[in-house]
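Let chain F serve as the given structure and place chain B on it in line with the hints.
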Amino acid sequence: MLARIGFLAPILVFLAAFFGYPLVANFTMALREYTAASFYTGEAPFVGFANYATVLGDPVFGTALFNTAVFTVASLAFQFGIGLALAVFFQRHFPLNGVLRSMLLIPWLLPLVVSGTVWRWIFDQEYGVLNQTLLGLGLIDAGIPWLSSTAMALPSVTVANIWVGIPFNMVILYGGLQSIPAHLYEAASLDGAGPWQRFRHVTWPLLRPVSAVVLMLGLVYTLKVFDVIMVLTQGGPANATQTLTTWSYSLSFQELDFGLGAAVGNLLIVIALVFALFYLRGLRSSAGAPTRERR
Amino acid sequence: MTSPTTRRAYILRGSSALVAAGLLTLTSACAGGGGSEEVTSLTAMDYNLAEPQNGTTKKMLQQCGEQAGVEINRNALPRDQLMPRLLQGASQQELPDLMLLDNPNLPQIAATGALLPLEEAGFDTEGYYDSVLKVGTHEDTLYGLAAGVNGLALFTDTAKLEEAGVEPPQTWDELRDAAKKLTQGDTNGFAFSAIGHEEGTWTFEPFLWSNGATLTELDSPEAVEALQLWSDMVEEGSVSQSVVNWSQADVNDQFLGGRAAMMINGSWQIPVLDEQDVDYEVVPLPVPEAGADPATPMGGEVWAIARNGEEREQKAVEVLQCLLNEPNMREWAELNAYVPAKEGLAQQVAEENPQMAPFVESVPTARSRTAKLGEQYPDVSSAIADAIQQALAGSGSAEEALSQAQQAVPES
Numbered sequence: 001m002l003a004r005i006g007f008l009a010p011i012l013v014f015l016a017a018f019f020g021y022p023l024v025a026n027f028t029m030a031l032r033e034y035t036a037a038s039f040y041t042g043e044a045p046f047v048g049f050a051n052y053a054t055v056l057g058d059p060v061f062g063t064a065l066f067n068t069a070v071f072t073v074a075s076l077a078f079q080f081g082i083g084l085a086l087a088v089f090f091q092r093h094f095p096l097n098g099v100l101r102s103m104l105l106i107p108w109l110l111p112l113v114v115s116g117t118v119w120r121w122i123f124d125q126e127y128g129v130l131n132q133t134l135l136g137l138g139l140i141d142a143g144i145p146w147l148s149s150t151a152m153a154l155p156s157v158t159v160a161n162i163w164v165g166i167p168f169n170m171v172i173l174y175g176g177l178q179s180i181p182a183h184l185y186e187a188a189s190l191d192g193a194g195p196w197q198r199f200r201h202v203t204w205p206l207l208r209p210v211s212a213v214v215l216m217l218g219l220v221y222t223l224k225v226f227d228v229i230m231v232l233t234q235g236g237p238a239n240a241t242q243t244l245t246t247w248s249y250s251l252s253f254q255e256l257d258f259g260l261g262a263a264v265g266n267l268l269i270v271i272a273l274v275f276a277l278f279y280l281r282g283l284r285s286s287a288g289a290p291t292r293e294r295r
Numbered sequence: 001m002t003s004p005t006t007r008r009a010y011i012l013r014g015s016s017a018l019v020a021a022g023l024l025t026l027t028s029a030c031a032g033g034g035g036s037e038e039v040t041s042l043t044a045m046d047y048n049l050a051e052p053q054n055g056t057t058k059k060m061l062q063q064c065g066e067q068a069g070v071e072i073n074r075n076a077l078p079r080d081q082l083m084p085r086l087l088q089g090a091s092q093q094e095l096p097d098l099m100l101l102d103n104p105n106l107p108q109i110a111a112t113g114a115l116l117p118l119e120e121a122g123f124d125t126e127g128y129y130d131s132v133l134k135v136g137t138h139e140d141t142l143y144g145l146a147a148g149v150n151g152l153a154l155f156t157d158t159a160k161l162e163e164a165g166v167e168p169p170q171t172w173d174e175l176r177d178a179a180k181k182l183t184q185g186d187t188n189g190f191a192f193s194a195i196g197h198e199e200g201t202w203t204f205e206p207f208l209w210s211n212g213a214t215l216t217e218l219d220s221p222e223a224v225e226a227l228q229l230w231s232d233m234v235e236e237g238s239v240s241q242s243v244v245n246w247s248q249a250d251v252n253d254q255f256l257g258g259r260a261a262m263m264i265n266g267s268w269q270i271p272v273l274d275e276q277d278v279d280y281e282v283v284p285l286p287v288p289e290a291g292a293d294p295a296t297p298m299g300g301e302v303w304a305i306a307r308n309g310e311e312r313e314q315k316a317v318e319v320l321q322c323l324l325n326e327p328n329m330r331e332w333a334e335l336n337a338y339v340p341a342k343e344g345l346a347q348q349v350a351e352e353n354p355q356m357a358p359f360v361e362s363v364p365t366a367r368s369r370t371a372k373l374g375e376q377y378p379d380v381s382s383a384i385a386d387a388i389q390q391a392l393a394g395s396g397s398a399e400e401a402l403s404q405a406q407q408a409v410p411e412s
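Protein chains in written order, with the UniProt record's numbering: chain F, 1 to 295; chain B, 1 to 412.
Pulled out of the complex, with its shape left as it was, chain F reads as follows:
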């Protein structure tokens, strides 16, 4: 019994110190008026849910929530869609398959600050490659302010983030495809199924568990994306690319109101938790399904 506890202790201590404590601290911090002075004096008056009320009443909250939703949904949809298409494409045998596949990994290997800076150049209104190309092709008359108009900034930042996320989706989905037995496709072809039907009735259902994992991980990554936005726009112009993550950072570390920042952070945790619950429920029901089929 003692040995058992001893064996468990390291992981429990680890979890408590690195997950439990910060979570609890963040939760209690959000209930206090925690400002710059609180750090020194240790006095942070308890204010109940006043921080949440302030945050929810702030016009930026609506903007940030909307931006977070658009950014996350669009990123996930395109990352997954393009990633899946590439994975299916690379399933076929052709020369240089391996080389091309590893080259597509580069965006995933680059530090986000680097890729963010590169995208900043691409999107530059006056001298950016994107505008120069479009101007050269005669598609536009004047440079589009990709990052400096409130209308274009969010789509631009999302595009950069999609680019960053495609390799991850591709690699995991490609792995999932490899585990689908080839004889299923043979059988389907013998039954007269075309490429679309093979995808629809063999690939898609068998890839579902992997897809769920990819989407769930992608959701968590995307909800907390910080570097890309910080490098490209710092949440601006005028909060046009402010997400809950960047807003929490700016409240805490730029306005130095840590109570408010913590409140936003907690809201983000709750949102992620809600999706995690959906995922777990989905996992349980789909885990039951194949067992029954096998019998």
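In case anyone wonders, no lab produced these hints; they're calculated from the structure. In this text, a Cβ means the ideal position worked out from N, Cα and C, and glycines have one as well. Hints are supplied without guarantee of correctness; some may be wrong.
Partner residues are not named here, just some residues of chain B that face chain F (Cβ under 10 Å, in silico) [stated by the list, open to error]:
# : residue
1 : Leu86
2 : Ala111
3 : Asn245
Just chain B, lined up with the frame of chain F:
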């Protein structure tokens, strides 16, 4: 069956040894802090990472430390990490003995009660500009002193202005005209930083203030008029809309690259520009009507001392007095293009270096950004930056943007 158990035991023993080692380092770290033995070392923190400030800060701290008989461990951090780091230190009652703070941040640290009142500690404020003392003051007590200060002025590309036959503008109307005429091909007539934080706000403040508006009434017609000027110039194409993403360093790059004929920037860009061999001129910022005072915000960092016990404080005071002595003040100003904090010295600098003259001129009327708002300033600053961006990059009008910003102003 025995081998896994032994391995387990090893792991356990190993991990407990690690924990013990960790505890030991913790206790020894704690013991190092206090004590009333003679002080042999002090800590200092600043964000002067760029040259030449970095080298100058390092050298001066070392020299002044030697003079006071202490070793100074300097820690230089990126600008945006300094405040969080200081607060982290404050939570363990361990602030660096000497810290160089951006002046609008001073009230926040001062409000914690962690700083040493400098006049009580024996600092003589004779000869300092009043406006310089004001930015180091929180609730009538002086906590911070600057060796040099900086401000904003208009930099003009001499060749481009001559080519277009334009004189450096003095009023808003002239500025708008000049910017329009200077906008040709790849070149924008005018550039400034309108980035979404303090850098953008402080660039806008001279326009706000010189038009008679205040930081507490952002929705006043005077304030709206000032923002309207900026937004009109963007609309007319004399200013690139990208300014909403440009820091002051980016603006300087645009100017250096010949992509902007005029810019608003700080005196600290002078060494950078001189290195690059561009022909430029510096004039005071344009004002709404001829003859009005260009009300620029006071920029620059102030040194502050933490309350770390009498012995340490005493040494820190000695070091700071050395940092602020006249030869050092002069050297700092010369190397980094700052205006010396003492009026007499500043006058000499203006005479020797005409490019510094507009900055020296602006010091007496330069305003403290935090005088009215104190520790509330960051909230309001960020609201103003949002309003600027809204007006320049969004669809909202200057009036709507500023009336939204007004909501961030605390009622008093």
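Open item on the list: Of all the hints numbered above, which does this structure not satisfy? Sort the numbers upward.
Closed with: none
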